[in-house]
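Undergrad: With the hints as extra help, turn the sequences into a complete structure.
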Amino acid sequence: MQTRGGGWTVVQRRIDGSVDFYRDRREYKFGFGDLNGEHWLGLENLYHLTAFKDNQLLVELVDKDGIIAYALYNSFAIGSELEDYYLNTLKGYSGDAGDSLTYHLGQKFTTKDLDLDQYSGNCAELELGAWWYNACYQSNLNGKFRNMFRTEAYSDKGINWFSFRNDKYFLSQTRMLVRPKF
1 MQTRGGGWTV VQRRIDGSVD FYRDRREYKF GFGDLNGEHW LGLENLYHLT
51 AFKDNQLLVE LVDKDGIIAY ALYNSFAIGS ELEDYYLNTL KGYSGDAGDS
101 LTYHLGQKFT TKDLDLDQYS GNCAELELGA WWYNACYQSN LNGKFRNMFR
151 TEAYSDKGIN WFSFRNDKYF LSQTRMLVRP KF
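Be aware that the sequence shown starts at 1, since it is given in the working numbering, and climbs by one per residue.
Be a bit skeptical, because a hint or two may be false.
Here are the simulated DSBU-like cross-link-like pairs (lysine-lysine), alpha carbons at most 30 angstroms apart as the crow flies [what the hints assert, rightly or not]:
#1 108 / 157
#2 91 / 144
#3 108 / 29
#4 144 / 64
#5 91 / 64
#6 108 / 144
#7 112 / 29
#8 53 / 108
#9 53 / 64
#10 181 / 29
#11 181 / 91
#12 29 / 53
#13 53 / 157
#14 157 / 112
#15 112 / 91
#16 181 / 157
Calculated from the structure, these hints are not laboratory results.
Since this is a predicted model, take the numbers as computed values, not measurements.
TA: See below:
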């Protein structure tokens, strides 16, 4: 991976809707999908990648019109399983996508079968994908993939990053990448 200097591990990729991200806690813990295509590397893997050294997080976004944006966080980590993989560290934003992740700082990872968000209902059920939901979100990269040719461009149950596109505008591709901070 040679994105912005190389050394990145791709922990999440959405490109075509071939993998359903509406899954339970166990699947998010261990990961799913195809590493060469759509996938989630797994919360346990992400924890071990970020818990013991300082890491950066790069989020790459593409909208339905092919416009590309990114958000780079200079420090990123999540908690352990005993801490419900909460979003532990998120500092030093830069980029052109806007910061739609800081709203989720300190939040536990909510899935359709384990409601840990700050909303009265289950945001993962409501939005059809797991995330570090607050009440509910300003970003949701694990939401339902919306095929731009068969559905409307505006949907509240899709892949979103509010500061790049609003909450009704879906994204067609995303990647989340981490690397040790140099």
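Undergrad: Please name the hints from earlier in the document that this structure breaks, with their numbers sorted from lowest to highest.
TA: 9, 13 and 16
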